[in-house]
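S.K.: Chain by chain, the residues:
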Amino acid sequence: MQLTEPRVRPDFQHAEGLFARHGRLEPIFRGAVTLVALSVLLLVLLMVYELAHQAWPAIDKFGLRFLWSREWNPPKERFGAFPFIVGTLVTSMLALGFGTVVGVGAALFLVEFAPAWVRVPVSYMVELLAAIPSVVYGLWGVFVLGPWIQHTAGPYILDYLGWMPFVHGPPLGVGILAAVLILTIMILPTIVAISRDVISAVPRSQREGILALGATRWEMIRIAVLPYARSGVLGAAILGLARAIGETLAVALVIGNSTNVPDSIFSPAYTMASVIANQFREVENDMHRAALIYIGLLLLLITLIVNAIARVLVWRVTKGQITTVIE
Amino acid sequence: MALAAVGALLFAACGGGTSSSDKTATASAGKPAATSAATKPAGTAAASSTAGSGNVTIPTDVGKDDSAKLTGAGSTFANPLYTRWASDYKSKVASGVEINYQSVGSGAGIQQLTAQTVDFGASDAPMTDAEAAKAAGPVQHIPTALGAVVITYNVAGVAQPLKLDGDTIAKIYLGKITKWNDPAIAGQNAGVTLPSAEIVVVHRSDGSGTSFIFTDYLSKVSADWNAGPGTSKNPQWPVGLGGQGNEGVTQQVKQNKNSIGYVELGYAQNNNLPYAQAKNKSGEYITPTADSTSLAATGVSIPADYRVSIVDSPTKGAYPIVGFTWIIMYKDQKDATKAKALADWLWWAIHDGQSVEASLGYAPLPADVVKALEKTLTTDVTSGGAPLLKGS
Amino acid sequence: MIAATSRNRRRRRIVDTIASAAITGAGIGVIVPLVVILLFLFVKGLPALHVDLFTQNPGPTGVAGGGIKSSIVGSVLLLGLALVMGLPPAIATGVYLAEYGRGRLGFVIRFLVDVLAGVPSITIGIFVYTAVVLNMGNINRFTGGDQKFTAFAGGIALALIMLPIVSRVTEEMLLLVPQMTREASYALGVPKWRTILTVVLPAASSGIMTGIVLASARVAGEAAPLLFTALGNNFYSTSIFRPIDALPLRIFTYATGPFPYQHDQAWAGSFVLVMMVLVMSIGARLLLRRPGR
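Chains as they are written, first to last, in the working numbering: chain A, 547 to 873; chain B, 3 to 394; chain C, 480 to 772.
Each hint should be verified, as a subset may be incorrect.
[As the list claims (entries may be wrong)] With a straight-line cut-off of 30 Å between C-alpha atoms, the simulated DSS-like cross-links for lysine-lysine are: (1) Lys548(C) with Lys94(B); (2) Lys222(B) with Lys622(A); (3) Lys333(B) with Lys92(B); (4) Lys548(C) with Lys71(B); (5) Lys256(B) with Lys523(C); (6) Lys66(B) with Lys92(B); (7) Lys92(B) with Lys181(B); (8) Lys71(B) with Lys94(B); (9) Lys136(B) with Lys607(A); (10) Lys136(B) with Lys622(A); (11) Lys622(A) with Lys94(B); (12) Lys256(B) with Lys548(C); (13) Lys281(B) with Lys222(B); (14) Lys66(B) with Lys173(B).
Quick caveat, the hints were computed from the structure, so don't treat them as lab data.
In this text the structure is predicted, and so the values were computed from the model without any measurement.
Make the full structure from the sequences, and use the hints.
M.R.: So this is what it looks like as structure tokens:
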């Protein structure tokens, strides 16, 4: 998605006022185009309204209690989104953490270390990662990552890290860990691409100044580049977060589908997006549907806020260089 | 038109309540269809007497000139059966009829039927009165088969059927029994080496008729279960991970070591998964088969609307976790062409279609149910007031 | 700052080496998942590819064999629907935002287009379900159809996903066209609307095409919004007002199934899908590099 405002907004209208003559069809064309744009506006507003309207029975009945109630009992019409909110937050934040570390590292590699013959193909391949559809990630997660966790990585983690608070239980191939790993891979392209732009935007003078003082390359990165690029990288990370939060299918395939609050990285769980995907077609009653749409609305709100924060951060650093990241 | 004339005649002949559809095959149908399942007389030549006087002689290929595309959705329990029927019907009887069945779970099937987004729904849990009230009109349940819910598992070194009683199964799903070598399990299975591993419980994540049958059974054999999650298509599962559909549960059991799950018999058989012998009400451990499934329906009085639970049957030799599976349709159908195609297909299904059931892991309908269904299909489902099946 | 003693220098060099190694590791590590995924796609997908896959439709559940013809055709049809329904409004909106949308209205519209871009695809699916699928009765009165779940609804959902992407790209590419080009056209007496259509848009066309192709690649891989709009179909269908299957949907269904033939076909289908998407993505990049931008 588009991150920044385009570079400069030339003042067309002034020039046009001076030089242009538009003829009779101009107002029609302009009107038509404006109408279409307006209808897009109306469409988005309609969408938000419709979702709120459909969610209203649940909003009315549960209010904000919905956010921390753990009970998800469709036949008895008692709903609470807490387990899913926890699932979403835990998986997204962990993916964010891993993704940022690896992603920023990779971006630094590409900008600071890699010669052109490495940088171009590697950048390309990272972009290709972004093109792989979510469902294929999910498939790979079910048949490759899952068994690997169950038979190899899981027991290893349990042996060495089992003393940590959230590491226990049989090492299932589905659950929080599986979802975190897949999400990390999925948000890497976003983080790498934007971080790369942001890090490249650091002026050469900064780098050269520090190097002139005798700094090692790492020190240069640490002192000159990273602080300067910090808010941009943060923006990249948060965009990755937004992507992770909204990711549906890949997660739905590996999350384990449990409406209980997870208490271990090996616990099956649910995220807000995947519970909607799994349950929407078969709601037991209208309140069930309203509750799911309520979750959809919350999801929308969260992604909006996160996206907005991210874009502001990235824009501040790149100051309007056009970077279109199409995911 | 000829059909209207026959219909009118029917109405005239019908008069009061009983449907004496005394129509023999008229012009087009001609030859009677092949004989159907062994357990019941063929629905064509043999005049199986329905309630009231008169014989119902409608050939099972009555639909062969139909042309329609229908969409149905619901039960994953019956998915292999319905998709097989759709395929067989199209290739052997009515090449113009396409029945697109989507396996989305009983809960979804009911929901989509209520929203009228599909032509028929399929469910292993009958619609409750509350659900039926939300539908756009009175609904008709059509039982199509009997199926067994088996307890399947994936435990290293245990390829033979385990013996499990209801209380044990309930405790596993309640999270009270957590290890495979728990005395409760070991006690029933002398001579089997059970690992001391944690049991990975797998349940359904979607609204499921299979869950309904399963929890119905658990509620009857375990007071704790009854007081807790209870009988439901979508109970709040205390432990475990969820699979989407019978397919998903089978998949999860296959993939996760030391797991246990509940699926329809056919799924376990087709995937070479072992399944347990369950203890029935008379105290015997029964292996789920087509026969022990059929036994569960003996001696049960089937109500007029076919909504009945047959779990925990007292019949000797009956497998205890059995249920009917139904196709649910509106009693009064809006589109006459599609309605006729649907009714014709169902007519074929309850006769000729029964023969494939055993091979797919289901059991055929009892003879008295088929008889009752013949009457239902000819009189209780209509389109605009006119009955759908006419022996044309 | 940092004292430049020789011991200090050595320590700093070690730190530098470690950090460089870590960073290089990250750089390489980032490609590892891609390589592994592509590897598995080839290893599992390629052997399962054979003619039947493309010429046959799915069989009854549990019976091995059959193919994914209906899914591939469905995907193509849905993409076509999405393009037909989504491109005109998207490009028009992009034109508006670039050429006329300077003021407050433009700001609001631009903002809402970005909002739309950020809506998770599952939420879009919910919206189309409630707005279109549930209201199909009304639409069917005009079309004579009798189904609620339709390719039409699926196409709308996909168009909604495509719209903000193409709109933004259009706007950007139009803004990249130098103002001089426009002014030259005005100086010749060409009215603004004609300038846009005959001068500016063509100049931005390869960039816009790139955006369209990338958006198509994105949309081709979407399944979440189709779950409750197009529903899926086991039979071959090219009808707009009936349920339709799609490759990502079928892969999703098969990935959760227990039968080996379903898994094989899911891998093969994924292979086909990823190849399609990669070809589109690479094609789009090549378009961008074409001279005459």
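S.K.: Next, verify each hint and record whether it holds.
M.R.: Do the hints match the structure? See the list:
A C-alpha spacing of about 22 Å is found between Lys548(C) and Lys94(B), which places the hinted pair at or below 30 Å, so the restraint holds. For the given pair, Lys222(B) sits about 20 Å from Lys622(A) by alpha-carbon distance, which is consistent with the 30 Å threshold. The suggested pairing of Lys333(B) with Lys92(B) holds, with an alpha-carbon distance near 24 Å, which does not exceed 30 Å. This hinted pair checks out: Lys548(C) and Lys71(B) have alpha carbons roughly 19 Å apart, not beyond 30 Å.
Straight-line distance between C-alpha atoms of Lys256(B) and Lys523(C) comes to about 19 Å, which keeps the hinted pair within the 30 Å bound. Straight-line distance between C-alpha atoms of Lys66(B) and Lys92(B) comes to about 9 Å, which keeps the hinted pair within the 30 Å bound. Restraint check: the Cα-Cα separation between Lys92(B) and Lys181(B) comes to about 49 Å, which exceeds 30 Å; the hinted pair is violated. A C-alpha spacing of about 16 Å is found between Lys71(B) and Lys94(B), which places the hinted pair at or below 30 Å, so the restraint holds.
A distance of roughly 20 Å separates the Cα atoms of Lys136(B) and Lys607(A); the hinted pair therefore holds under the 30 Å criterion. At most 30 Å may separate the alpha-carbon atoms for a hinted pair to count; Lys136(B) and Lys622(A) meet this at roughly 17 Å. For the hint linking Lys622(A) to Lys94(B), the alpha-carbon distance of about 45 Å lies beyond 30 Å, and the restraint is violated. For the hint pairing Lys256(B) with Lys548(C), the CA-to-CA distance comes to about 28 Å; that is within 30 Å, so the pair holds.
At most 30 Å may separate the alpha-carbon atoms for a hinted pair to count; Lys281(B) and Lys222(B) meet this at roughly 13 Å. Among the hinted pairs, Lys66(B) with Lys173(B) is inconsistent with the structure: their alpha-carbon atoms are about 51 Å apart, more than 30 Å.
Consistency with the previously given hints fails for numbers 7, 11, 14, ordered from lowest to highest.
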